[in-house]
Amino acid sequence: MAHIVLTFDNNKLASALYGPFDENLARIEQKLGVDVRSKGNQLAIRGDAVAAEQARRTLDYLYDLLQKGTELSQSEVDGAVRMAIAADDQLTLPTLERKGKMAAAQISTRKRTIYARSLNQDAYMRALERSELVFGIGPAGTGKT
Numbered sequence: 004m005a006h007i008v009l010t011f012d013n014n015k016l017a018s019a020l021y022g023p024f025d026e027n028l029a030r031i032e033q034k035l036g037v038d039v040r041s042k043g044n045q046l047a048i049r050g051d052a053v054a055a056e057q058a059r060r061t062l063d064y065l066y067d068l069l070q071k072g073t074e075l076s077q078s079e080v081d082g083a084v085r086m087a088i089a090a091d092d093q094l095t096l097p098t099l100e101r102k103g104k105m106a107a108a109q110i111s112t113r114k115r116t117i118y119a120r121s122l123n124q125d126a127y128m129r130a131l132e133r134s135e136l137v138f139g140i141g142p143a144g145t146g147k148t
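Numbering (this note's numbering), first residue to last: 4 to 148.
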């Protein structure tokens, strides 16, 4: 059983990270099978070592998004959890920084910044950055747009 403690510098961002009535924390607990307790700007994560590390990476990534001005939605939280789980399945992913945090590809538009919500979207967005012409094929609803 692993025990990880995270401390966030900004109380306002920490509150946004937790979500209304700690909804985002409950979602992470449910998806990863860990126990997350909050007290002020500190979080305590308990659970299986792998799941606790996935929860830590998920929370760090979501906090980074908040620092960049992104508002969190349930789909953002779900996408971050999926990326953390998939990152353990593929150890050579370019989406992991040396510090153990996820760094998803992003595209900035006039209205907002768009972040990858899955590893395949991350690879697709990185291909868009590298090449002038990229073809995306696949079924509807898989994040090609």
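To be clear, the hints were calculated from the coordinates, so they are not data collected in a lab.
Remember, it's a predicted structure, so these values are computed and weren't measured experimentally.
Among the clues, some could well be false.
Unchecked claim - Restricting the straight-line Cα-Cα distance to at most 25 Å, the calculated cross-link-like pairs of lysine-lysine (DSS-like) are:
| # | residue 1 | residue 2 |
| --- | --- | --- |
| 1 | LYS15 | LYS42 |
| 2 | LYS114 | LYS71 |
| 3 | LYS147 | LYS114 |
| 4 | LYS71 | LYS42 |
| 5 | LYS114 | LYS34 |
| 6 | LYS15 | LYS114 |
| 7 | LYS147 | LYS71 |
What the hints assert, rightly or not - For each label pair, taking beta carbons as the anchor points, the in silico distance ranges come out as:
| # | residue 1 | residue 2 | range |
| --- | --- | --- | --- |
| 8 | GLN45 | ALA130 | 21 to 31 Å |
| 9 | ARG113 | GLY139 | 17 to 27 Å |
| 10 | THR145 | PHE24 | 30 to 40 Å |
Glycine included, C-beta positions come from ideal geometry on N, C-alpha and C.
How the hints compare with the structure:
1. Restraint check for LYS15 and LYS42: the C-alpha separation of about 13 Å stays at or below 25 Å, so the hint holds.
2. For a cut-off of 25 Å, the pair hint linking LYS114 to LYS71 stands: about 14 Å separates their Cα positions.
3. Distance hint between LYS147 and LYS114 is fulfilled; the C-alpha atoms sit about 19 Å from each other, no more than 25 Å.
4. Under the criterion of a C-alpha separation no larger than 25 Å, the hint pairing LYS71 with LYS42 is consistent with the structure, at around 24 Å.
5. Between LYS114 and LYS34 the alpha-carbon distance is near 31 Å, which puts this suggested pair outside the 25 Å criterion.
6. Simply put, LYS15 and LYS114 have alpha-carbon atoms about 23 Å apart, close enough for the 25 Å limit, and the pair holds.
7. With a C-alpha separation of about 23 Å, the suggested pairing of LYS147 with LYS71 holds against the 25 Å cut-off.
8. The beta-carbon spacing between GLN45 and ALA130, approximately 39 Å, falls outside the hinted interval of 21 to 31 Å.
9. For ARG113 paired with GLY139, a C-beta distance near 22 Å keeps the hint of 17 to 27 Å intact.
10. One distance hint, 30 to 40 Å for the beta-carbon pair THR145 and PHE24, holds here, with the actual separation near 32 Å.
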